[in-house]
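Colleague: Next come the chains, spelled out residue by residue.
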Amino acid sequence: MKNRFTIIPVFFLFTFFFTFNLNAQNTAPAEWATCGACHTIGKGRLVGPDLKGITELKDEAWLISFIKSSQTMVKNGDAEAVKIFDEYKIPMPDNNLTDDQIKGILAYIKNYKEAPKEEPKKEGKAVGPSESKGDEGSGSMKTHEVTYGAGNTRTVFIVFLLLFFFSLIDLGLTKIIKAKFIHYIIILTSLFIIGEIVYVEAAALGRQQGYSPDQPINFSHKVHAGQNQIDCQYCHTGINDSRHAGIPSTNVCMNCHNVVKSGTQTGETEINKIYDSWENKKPIEWVQVHNLPDYVYFNHAQHVNAGKRECTECHGNVEEMDRIVQVNDLSMGWCIECHRTTKVQFEENDYYKSFVELHEKIKSGEKGVITVEDIGGTDCSACHY
Amino acid sequence: MRTRLFVLIIMAFALVSCTHDRNDPGRAYFPDMAYSNAYESYSVNPVFKDGKTMQAPVEGTVPREMIPYPYKRVFEDQQKAAETLVNPMKADKETLEKGKEEFDVFCAVCHGFKGKGDGHLYTAKLFAAKPSDLTASFTQEKPDGEIYHIMTVGSLSGLMGAHGSQISPENRWKIVTYIKNNFKVK
Numbered sequence: 001m002k003n004r005f006t007i008i009p010v011f012f013l014f015t016f017f018f019t020f021n022l023n024a025q026n027t028a029p030a031e032w033a034t035c036g037a038c039h040t041i042g043k044g045r046l047v048g049p050d051l052k053g054i055t056e057l058k059d060e061a062w063l064i065s066f067i068k069s070s071q072t073m074v075k076n077g078d079a080e081a082v083k084i085f086d087e088y089k090i091p092m093p094d095n096n097l098t099d100d101q102i103k104g105i106l107a108y109i110k111n112y113k114e115a116p117k118e119e120p121k122k123e124g125k126a127v128g129p130s131e132s133k134g135d136e137g138s139g140s141m142k143t144h145e146v147t148y149g150a151g152n153t154r155t156v157f158i159v160f161l162l163l164f165f166f167s168l169i170d171l172g173l174t175k176i177i178k179a180k181f182i183h184y185i186i187i188l189t190s191l192f193i194i195g196e197i198v199y200v201e202a203a204a205l206g207r208q209q210g211y212s213p214d215q216p217i218n219f220s221h222k223v224h225a226g227q228n229q230i231d232c233q234y235c236h237t238g239i240n241d242s243r244h245a246g247i248p249s250t251n252v253c254m255n256c257h258n259v260v261k262s263g264t265q266t267g268e269t270e271i272n273k274i275y276d277s278w279e280n281k282k283p284i285e286w287v288q289v290h291n292l293p294d295y296v297y298f299n300h301a302q303h304v305n306a307g308k309r310e311c312t313e314c315h316g317n318v319e320e321m322d323r324i325v326q327v328n329d330l331s332m333g334w335c336i337e338c339h340r341t342t343k344v345q346f347e348e349n350d351y352y353k354s355f356v357e358l359h360e361k362i363k364s365g366e367k368g369v370i371t372v373e374d375i376g377g378t379d380c381s382a383c384h385y
Numbered sequence: 386m387r388t389r390l391f392v393l394i395i396m397a398f399a400l401v402s403c404t405h406d407r408n409d410p411g412r413a414y415f416p417d418m419a420y421s422n423a424y425e426s427y428s429v430n431p432v433f434k435d436g437k438t439m440q441a442p443v444e445g446t447v448p449r450e451m452i453p454y455p456y457k458r459v460f461e462d463q464q465k466a467a468e469t470l471v472n473p474m475k476a477d478k479e480t481l482e483k484g485k486e487e488f489d490v491f492c493a494v495c496h497g498f499k500g501k502g503d504g505h506l507y508t509a510k511l512f513a514a515k516p517s518d519l520t521a522s523f524t525q526e527k528p529d530g531e532i533y534h535i536m537t538v539g540s541l542s543g544l545m546g547a548h549g550s551q552i553s554p555e556n557r558w559k560i561v562t563y564i565k566n567n568f569k570v571k
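So the protein sequences, as listed, match chains A and B. Sequence positions in the first sequence follow my numbering and run 1 to 385. Sequence positions in the second sequence follow my numbering and run 386 to 571.
The hints are simulated quantities; they were obtained by calculation from the structure and are not laboratory data. Each hint should be verified, as a subset may be incorrect.
Stated by the list, open to error - Sample of chain B residues facing chain A (criterion: CB under 8 Å; computed from the structure): (1) Arg407; (2) Asn408; (3) Gly411; (4) Tyr414; (5) Met418; (6) Tyr420; (7) Val443; (8) Val447; (9) Phe460; (10) Val490; (11) Leu506; (12) Lys515; (13) Phe523; (14) Gly546; (15) Gln551.
Said to hold, decoys possible - Some chain A residues flagged as far from chain B (calculated, every beta-carbon gap over 12 Å): (16) Lys52; (17) Ile90; (18) Asp100; (19) Tyr184; (20) Tyr351; (21) Cys380.
Only a predicted model underlies this, so the values are computations on that prediction, with no experimental measurement involved. Here a beta-carbon is modelled for each residue, glycine too, at the ideal position from N, C-alpha and C.
Here chain B stands alone, though its shape is the one from the complex:
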């Protein structure tokens, strides 16, 4: 009797286990402290109305040590940015190296590794609009602040998106320095 029960238990176990469904993360064995009790950054949160755990700061508040970017994606603001913003970076080796690194990640897909506006997305006809040639006087004659502004909020034409959320302000200035120093036609 006991053996038969034992067999049944084993068979039952065999039937429920070992499913290799790619949608199923599988089972865990004594998952003590394996799953967070707190809501994680990206998890759904029933406490908030919009269901997000990561909440934006309350409107009008400013995080410590952060200076909110004052300009919007309109022509007047772009001119103001060009006049007021000053590039804090010096064109030393370290800055240019980091600038190149960041440029290659965020800009080169469209503008090309040499800045000629011949990035892979455009030459492979995946992105319909022609990106600006950064070596041309159109870009090179812009003040640093204007290039920084376009990177942060996007171009006026709306074809280049805002990259402010992806690149830190420091790195944006480094990219500006890199564009101005390395793509200049001598």
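If we strip away everything but chain A, and leave its shape as in the complex, we get:
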């Protein structure tokens, strides 16, 4: 009988921890967020020492003054403080906390009970108590399917080609269907559809609209640029100064992923590929999606910096793409169309001072707005040289 009573509360505690262990372990005080960035309780050394059992090792007054300003203690030559500082070589920032707040934190550390194991974690990789958020392991990434052109174009093409030839043969030789106008209708419609398909497919030759290759890492722009609101330029640093936007090297990933070790959609599998690249110094072989032919020159800096274009104008709503897809066809007609319609900030711009003729035309009212075309944006040699 006695046993039963102890089991029930323990069981209750377990379920409590299981549901709330991510945020509220033993109800951490709000100030713990600052401590938890560098310290763990019983999960090993992080930036600073593991705080498990610290309340028994050091007396409260010492701890309070150390937490308030550790460097002051080091400067004053407190032997224990100097010893810790020499070991870690990282000064603990001063904390503007009251004695009561610090006592609250110490009580939390003292009474901290380890939560039942939620998931096996690799040793030394656990960071902070509020890590590993979200619904991991929700399976494969949702893909951003685009319906560019019918997938069964080929079938349609063959069907109408057959229809075309059968009616042609029937018209001249077999004569199964008596009414000749049926033949003509079939021949004309199938010719029209075949022509349309051939035209569309021929125009798409050498273009890659809808191209959305699998990448070595299931990197999601929807998560990073959309949900996390990270600026495009944070990773693609070249857009303002270089011809290329640039693909970030692994160290840029590691700026966040040294702490974020588990993703919301794919858990640890995809992020572990970053660590593999980082630890083995192996570059990640991303597949280039937007390929311009080598005979055309394109410069990101010119378009983003001088032209003030938004990334989405050419790349589409990247913030909603799990897997990058080429939205526009990047054809020459598409480029020219934009060059013809985009206005240039012509007046009050020193760069265009030398365009005397155009300035006179504006004065005389002959020209209203100046587009990229007017300043040579559709010359062959503007892009092909």
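Based on these hints, arrange chain B on the given structure of chain A.
Modeller: For chain B alone, coordinates are given in the frame of chain A:
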């Protein structure tokens, strides 16, 4: 006979073309000069042992007009940086505007647009560690050189990564100027 051959050719063409596989970049028509013969910056290169086209400079060499950053991510170096590095920027309008622009791109996700340490990544509980409040005296009392150093090589705690590869030295100084001038609590 000729028509039948013609039909067969067309049918064969129809069978091989028009595949809309998202993994396939498609075919090109007379791709003269469309593909580079030279290895491109990001392409795989069989000439080098590590397979990269973009090679790091030989160890110990310094590119022209570049002064290598002398300090590492250790406490002593951070103190040295604090003492020796001097901010070359003047706090004029242009500098502060560029500083804000760069801050909003590279820093604000974690430190918040107002520098309070309340960036989206932290408030949305995506990044576990609390970023420093840049308006607090902890940061504001640091010399410019120390902030520049932390930006370049990362924080001592290892929680903030090195941003030296992403932001040019000039822009880093502009961000420092922006932090010091605009986030100061008066």
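Colleague: Determine for every hint whether it applies to the structure shown.
Modeller: Going through the hints against the structure:
1. Arg407: 4 Å, holds
2. Asn408: 5 Å, holds
3. Gly411: This interface hint holds because 6 Å falls under the 8 Å limit.
4. Tyr414: 4 Å, holds
5. Met418: Hint on methionine 418(B): holds, closest Cβ of chain A at ~4 Å, below 8 Å.
6. Tyr420: 6 Å, holds
7. Val443: The hint is violated - valine 443(B) has no Cβ within 8 Å of chain A, the shortest such distance being about 17 Å.
8. Val447: With Cβ-Cβ at 20 Å, over 8 Å, it is violated.
9. Phe460: 5 Å, holds
10. Val490: 4 Å, holds
11. Leu506: Check passed: Cβ of leucine 506(B) comes within 6 Å of chain A, closer than 8 Å.
12. Lys515: 5 Å, holds
13. Phe523: 5 Å, holds
14. Gly546: With Cβ-Cβ at 3 Å, under 8 Å, it holds.
15. Gln551: 5 Å, holds
16. Lys52: For lysine 52(A), whose nearest Cβ neighbour in chain B is about 19 Å away, the distance exceeds 12 Å, so it holds.
17. Ile90: Violated, since 4 Å does not exceed 12 Å.
18. Asp100: Answer for aspartate 100(A): holds, closest chain B Cβ roughly 20 Å.
19. Tyr184: 20 Å, holds
20. Tyr351: 17 Å, holds
21. Cys380: Holds, because the least Cβ-Cβ distance between cysteine 380(A) and chain B comes to about 14 Å, which exceeds 12 Å.
Violated hints, listed in ascending order, are 7, 8, 17; each of the other numbered hints is respected by the structure.
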